[in-house]
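Could you build the full structure based on these sequences and the hints that come with them?
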Amino acid sequence: MALDPNTSGGSPAPGTSVRDALDGAATAIAAAGCQTPRLDAEVLLANVLGVGRERLLVDDTLTVAGPAVRAFQDAVRRRAVEREPVAYIVGSRGFRRLELAVDRRALIPRPETELLVEVGLGLAPGARVLDLGTGSGAVALALKDERPDLHVSGSDISEAALELAALNAELLRLEVHWLHADLLIGLGEFDAILANLPYVADSERATLAPEIMRHEPPGALFAGPDGLSVIRVLLAELAQHPHVRLLALEVGAGQAPKVAELLRMAGFDAVRFERDLARIQRVVIAERHG
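Number 120 in the numbering used here belongs to position 120 of the sequence shown; there are no gaps in the numbering.
Treat the hints with care, as some may be off.
[To be verified] Here are the simulated DMTMM-like pairs of lysine to aspartate or glutamate, each with C-alpha atoms no more than 20 Å apart in a straight line: (1) LYS258 with ASP276; (2) LYS258 with ASP269; (3) LYS258 with GLU287; (4) LYS258 with GLU204; (5) LYS258 with GLU274; (6) LYS258 with GLU237.
[Claimed, not checked] Label pairs and their in silico Cβ distance ranges: (7) GLU170 with ALA278: 30 to 40 Å; (8) HIS151 with ARG272: 18 to 28 Å; (9) ARG97 with HIS241: 22 to 32 Å.
Since the hints were made in silico from the structure, they are not lab data.
Ideal Cβ positions, reconstructed from N, Cα and C, are used throughout, including at glycine.
Below is the structure:
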């Protein structure tokens, strides 16, 4: 079934089979330039029908009919025409063992950010840890879920993002202390900081996908000419927080060596890297013992 996303939004006819609906939607999404059209179509249709994705593939009795027709039409239009991320359309995103509510108040959690959680899992029992720039609360909540002994806080400069993080904590029944702050101003002491701060250089705006530029909050993305302006401010502030012994920073491709240099200049004497699945040095981990 060929579908025009500019008119029908990938709308199936009433009573359309799941296979035909998916074929038409995937065609419309692919024509818009999206990278994973079939997967996107399956996630959107499963959400509309209220079933797991796997059921779309095995249940021959499923059809797209009634209110589901309009709902699927709208979802495909948002994906194909507006290039809205699938996670924002369905309102959730998986992150480690959790399913998080997501919307435009915060960045969509990425798989590479799970590396920050891995760092936190190695902390000493009872450590005080801050998820700086928490956004949806993903890192803080995943860490509390897997290490309930830790004293976990999450902070953000965006009150709207903190509202989303608090909602996720309530939905998941996890106890995290939320703090509204500009980096470390006014905050207490922590043993470790895990941070996914803005690190995209202003010059890279034109290279970002429409999903990012049109829909995700720019304040959580961009950080000056080289993408490191926020990290520099954080390192300057850390001079007033001697109790912080471990800092883990998510960074962009190619930034790790420069960030390591800045960390050593700031008094951190042990620096190492963690690579993501693309083999990019994605997280810089530093400790100080002085």
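Comparing the hints with the structure gives:
no.	hint	result
1	LYS258 with ASP276	holds, 18 Å
2	LYS258 with ASP269	holds, 15 Å
3	LYS258 with GLU287	holds, 16 Å
4	LYS258 with GLU204	holds, 18 Å
5	LYS258 with GLU274	holds, 15 Å
6	LYS258 with GLU237	holds, 18 Å
7	GLU170 with ALA278: 30 to 40 Å	holds, 34 Å
8	HIS151 with ARG272: 18 to 28 Å	holds, 24 Å
9	ARG97 with HIS241: 22 to 32 Å	holds, 31 Å
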